[in-house]
Amino acid sequence: MSLEIGAGELLALVGENGAGKSSLMNVLYGLYHPDSGEILLDGKPIRFKSPRDAIARGIGMVHQHFMLVPTLTVAENVVLGREPRRWGRMDLERANAEVAATCQRFGFQLDPRARVDTLTVGSQQKVEIVKALHRGAKVLILDEPTAVLTPQEAEDLFRVARGLKEQGHTVVFISHKLREVLSVAERIAVMRRGKLVAEVRAAESSASALANLMVGEARSGDAGVEPYHPPTGAVVLSAMDLKVRVEDGGTALNGVTLEVHAGEIVGIAGVDGNGQRELAEVLTGLRPLESGQGTLLGKPLANLTPHEARRRGVSHVPEDRLRRAVVKGMSVEENVALGRQGQPPFARGPWLDFKGRRERTARLLGAYDVRPPDPLLPVQALSGGNQQKVVVARELDAEPKLLVVVQPTRGLDISAVAQVHSRLREERAKGVGVLLISLDLEEVLTMADRVYVLFEGRVTGTFTRPEFDEREIGRRMLGTGPGHG
Amino acid sequence: MGDRLRAAVPSILSVALALAVCWVAIALTRDMKVAGEAYLQMLYGGIGQWPRFLETGDAALLARPLGEAAGKAALLILTGLSVAVAFKAGLFNIGAQGQMVVGAVAAAVVGAQLTAPSVVHIPLAILAAAVTGAAWALIAAALKLWRGVHEVISTIMLNWVAVSLVDNWLAVGPLRAVATGGHSVAGTAEIHPSAQFPRLLGDISRLNLGFVVALAVALLVWVWLTRTRQGFETQAAGLGPEAARAAGISVKQRAAEAMALSGALAGMAGAVLVLGTEYRYPGALAAPYGFDGIAIALIGNNNPLGATVTALFFGILRAGGTRMQLLGVHKSFPELIQGLALLFVAGRLVWLALLKRRRAQPASTEVPRA
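Chains as they are written, first to last, in the numbering used here: chain A, 1 to 485; chain B, 1001 to 1370.
I should point out that these hints are in silico values taken from the structure, not numbers from a laboratory.
Be a bit skeptical, because a hint or two may be false.
[To be verified] Simulated restraints, written as ranges between beta carbons of each label pair: (1) A:367 - B:1050: 26 to 34 Å; (2) B:1152 - A:208: 55 to 63 Å; (3) A:376 - B:1220: 22 to 30 Å; (4) B:1164 - A:456: 27 to 35 Å.
Just so it is clear, the structure is predicted and the values come from calculations on it, not from any experiment.
Every residue, glycine too, gets a C-beta built ideally from N, C-alpha and C.
Take these sequences, add in the hints, and give me the full structure.
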């Protein structure tokens, strides 16, 4: 494939997961080496042996997962690896001054002395950008930069990107969020299966046109606006004033009250680390409740164990897939049995039922289009998207009454996302209460019938579908709604 | 089955490499002829002197070495299983030695103090050893689950407690055998004949019921681990404790059960030693069978069947080691082979990493930290 990037350009690179976006950028950044073909920089062929070479030639990359040392300050992180020295020791004063100068030059408002772990995600991302610029990057590659940002923070990032472009820098966005790509980029390159399939000007394109290009068939992404589905049944979960204390650096719940009815999708919106994880853990019995009352499927919420939660009909698609959803080192079929390992068709009395397990697994792998559909494969040999399909298949196959899903589509490609979303809608139609916790506001807004906004362990806003107001929800997510000045 | 064999390849290669290294060591210190002869004698000592048997037709030439090998293998099977079972639940039981010691004493006490017909006496003595070993292991489990003490530390310390308690107090104090006919005996009183394992081939071989018990137990453990819901849950708890917990498995309970089973297996090794060959607690264990169990389990890939096969193999080498002495080669060579094989197996991860690196281009999608 060939791609030209002009100096001082704002280019977006879009494509499904596995389309080759990240591979391409990793080649440019010197992490991978091309089997054939060449890279020309300013007209001259170059070969990067490592990211060090790429950095030296003015290419900087901001990864989706930040590469920052949380306990060091902004300035320390920025100069890390090329610290100014005096008497053989790091000259912190000079580092602070240099970093402050860089921030000033590019219009970032960052305190070089602030510890990185005290910063918001949006600011941490700016630290990453400053780090690249400080090393003289003229070309900046941003890998899925808005995945973790609130709409306001994303706007801010776009402003930064445009500012950099004004100063003659080249910015490459890797993304699969079409709306924001259209709003920020000038030129959009679409990749599919390792090939560049189209280059379009943002002004002349639309989200549906891009989606068609990415997917390749008449199989576009989300189609239009979801209608509102009023709940069809009784309350499956009602929680009053839930409080949770945490000892391990998580966020406490400070009095969360919410309800989920049968046959509705309830979304939880919020910036990462505002109690979403703890809420999911409480509802699935993984974390004890400190105080508060609640009823979960007709019985008290207090003293819930994971076993009891499953017995009552709670299924859980956890956020941390490899740690909490699947057992690495076990096969796909063993992972499918997990959670129901003592019930038919996975067991007969105290004995495992190998035949029943194999049949059920084969059926689910087919129904959920898991590739490759091999029940004996170690689960970690599947790609992330296929692992997630296995987890979703398993949890839905348990025929839950309440489904607690956290970040169900993170890192999945468009078709897998569409599959997960349509499965959730099917569950709603079957009368399952779905609690969808996601950091991706777009996902919450497209899927949910009602939304609770969580900020610092409290509900700071409740919205029902006809009256979704993205900006207002964004403000509540940052705790700046009415009453939370 | 194909996968199972493939999983055994690194272990087989490691053992072969260990055999080769030791052969070179003997060849260098003596000469190649002695090295070859020593290995041949080791084999004869383990699986029988086939050439002379075929010449003379004396069955004892086969039965005696095989009996010795089976006796050693029985102990290694049980201690190997002990370590493997704990490992499957995600626990590293270094305490098989201590659990075996307390189990051996329990078997010796039941064997000597009770009188009952064999069909009752033998199972009772084995049961006592298993329960005592399990109880000893549960101390470590309790310390881990309630106080967060790492089981490696607690089981190592409990080994010393067990040895001190038994060898330095019980065996020389309250349980010391009463001297008969003026000469004192080391260790505890001899067990009644009703508690002694019957010899399966009569007097020509020390092959006894203990070997059968060990094989049967190995089969049961394998069935439990791979065929039952509880075994599945135990493995899940060991491989992915967080995911197991989220799946409604009581990880702590499964860990405690596995530790108890691990201790019971080590305790049974003690019973097999006392009821099968020593007929008393001998004052101190002749060999660190409990620690051998760690090597057996790891070379056997922590799999009950793998550990059993490994134990059989090293049982043969161990029994044959004594015959090496005929050539002036030290009898500890089988232990050296075992130790080297463990070392090479432990290095397996390094091999695999190297192989993977060469095969996969690009190396990984993991991005080096800035």
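Each hint tested on the structure:
About 59 Å separates the C-beta atoms of residue 367 of chain A and residue 1050 of chain B, a value inconsistent with the hinted range of 26 to 34 Å. Evaluation of the 55 to 63 Å hint for residue 1152 of chain B and residue 208 of chain A yields a pass: the beta carbon distance comes to about 60 Å. Evaluation of the 22 to 30 Å hint for residue 376 of chain A and residue 1220 of chain B yields a pass: the beta carbon distance comes to about 25 Å. The hinted window of 27 to 35 Å between residue 1164 of chain B and residue 456 of chain A is violated, with their beta carbons roughly 56 Å apart.
Of the numbered hints listed earlier, those contradicted by the structure are 1, 4.
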